[in-house]
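Chemist: Could you build all of it, start to finish, from the sequences and the hints given here?
There are 2 protein chains.
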Amino acid sequence: MSVDVASCTPLVRKALTAEQAADLSRVLKAVADPARLRLLSLVAAHEGGEACVCDLTEPLGLSQPTVSHHLKVLVDAGLLTRDKRGVWAWFRLVPGALDALAAALSTAGSRDAAPSSG
Amino acid sequence: MSVDVASCTPLVRKALTAEQAADLSRVLKAVADPARLRLLSLVAAHEGGEACVCDLTEPLGLSQPTVSHHLKVLVDAGLLTRDKRGVWAWFRLVPGALDALAAALSTAGSRDAAPSSG
Numbered sequence: 001m002s003v004d005v006a007s008c009t010p011l012v013r014k015a016l017t018a019e020q021a022a023d024l025s026r027v028l029k030a031v032a033d034p035a036r037l038r039l040l041s042l043v044a045a046h047e048g049g050e051a052c053v054c055d056l057t058e059p060l061g062l063s064q065p066t067v068s069h070h071l072k073v074l075v076d077a078g079l080l081t082r083d084k085r086g087v088w089a090w091f092r093l094v095p096g097a098l099d100a101l102a103a104a105l106s107t108a109g110s111r112d113a114a115p116s117s118g
Numbered sequence: 001m002s003v004d005v006a007s008c009t010p011l012v013r014k015a016l017t018a019e020q021a022a023d024l025s026r027v028l029k030a031v032a033d034p035a036r037l038r039l040l041s042l043v044a045a046h047e048g049g050e051a052c053v054c055d056l057t058e059p060l061g062l063s064q065p066t067v068s069h070h071l072k073v074l075v076d077a078g079l080l081t082r083d084k085r086g087v088w089a090w091f092r093l094v095p096g097a098l099d100a101l102a103a104a105l106s107t108a109g110s111r112d113a114a115p116s117s118g
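Chains as they are written, first to last, in my numbering: chain A, 1 to 118; chain B, 1 to 118.
By construction, these hints were calculated from the structure, which means they are not laboratory data.
Among the hints, erroneous ones may be present.
[Stated by the list, open to error] Calculated lysine to any residue pairs in the SDA-like style (CA-CA distance at most 20 Å, straight line):
#1 A/Lys72 - A/Gly49
#2 A/Lys84 - A/Pro95
#3 B/Lys29 - A/Gln20
#4 B/Lys29 - A/Pro95
#5 A/Lys29 - B/Trp90
#6 A/Lys29 - B/Arg26
#7 B/Lys14 - A/Glu58
#8 B/Lys29 - A/Ala100
Keep in mind it's a predicted model, so treat the numbers as computed, not measured.
Modeler: Spelled out as structure tokens, the structure:
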């Protein structure tokens with residue numbers, strides 16, 4: 001049930017359809033959580049851009065099952081990859097996924113890119 | 001209780017603190033809703049980049065109180081301005097707010113901007 005973040009429609013180029021808004025909100029709901037934002041941030045900042053649950057529980061101060069749940073939400077949203085090696089699963093950012101989400105929110109290229117005052 | 005979106009800390013430059021993650025998630029929660037994404041999109045696409053509730057209820061298929069509630073959430077999140085003129089309040093995008101949110105999610109400038117494969 002992974003989402004293709006790159007297919008999300010830019011918000012302000014023209015009015016979103018209900019379906020486009022539902023797709024984009026699904027990815028945004030996945031990131032709109034303090035623990036999941038910190039997980040994305042910790043994974044990105046970790047050595048090699050990769051981290052396992054064992055690296056993430058202590059900095060977050062959350063239990064391993066809770067961290068695993070949040071990681072699953074981020075994998076399902078198409079924002080993290082999961083690679084099982086031995087005992088642990090290793091997570092890294094899906095290349096381009098956060099940038100695609102950022103691009104969907106950006107007004108660059110729209111008539112609102114340089115709004116006039118007043 | 002408006003949020004200063006521009007002050008949100010970029011996600012992937014280095015690991016977010018709990019407070020930074022809470023600030024960013026608050027703005028993301030405001031946009032992580034299909035109706036509110038469509039409202040932002042409709043306001044941006046409307047003539048002059050400005051719309052009143054009267055312009056927004058029909059395209060969304062929602063009641064005026066529901067649309068007004070969603071608009072208030074977006075104003076409180078620092079994403080829309082509200083200007084009362086006569087009978088109606090008029091809404092427009094806060095210049096730069098969506099772009100600041102996009103910048104907080106973007107990996108541009110981080111070591112993950114051009115991730116290697118594997």
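Chemist: If a hint holds in the structure, say so; if it does not, say that too.
Modeler: Results for each hint:
1. A/Lys72 - A/Gly49: 18 Å, holds
2. A/Lys84 - A/Pro95: Roughly 18 Å between the alpha carbons, so the hint for A/Lys84 and A/Pro95 holds.
3. B/Lys29 - A/Gln20: 17 Å, holds
4. B/Lys29 - A/Pro95: Roughly 23 Å separates the two Cα atoms, so the pair is violated.
5. A/Lys29 - B/Trp90: Violated, at about 27 Å.
6. A/Lys29 - B/Arg26: 11 Å, holds
7. B/Lys14 - A/Glu58: Given pair B/Lys14, A/Glu58 holds - Cα atoms ~17 Å apart, limit 20 Å.
8. B/Lys29 - A/Ala100: 18 Å, holds
Checked against the numbered hints given earlier, the structure breaks hints 4 and 5 and satisfies all the rest.
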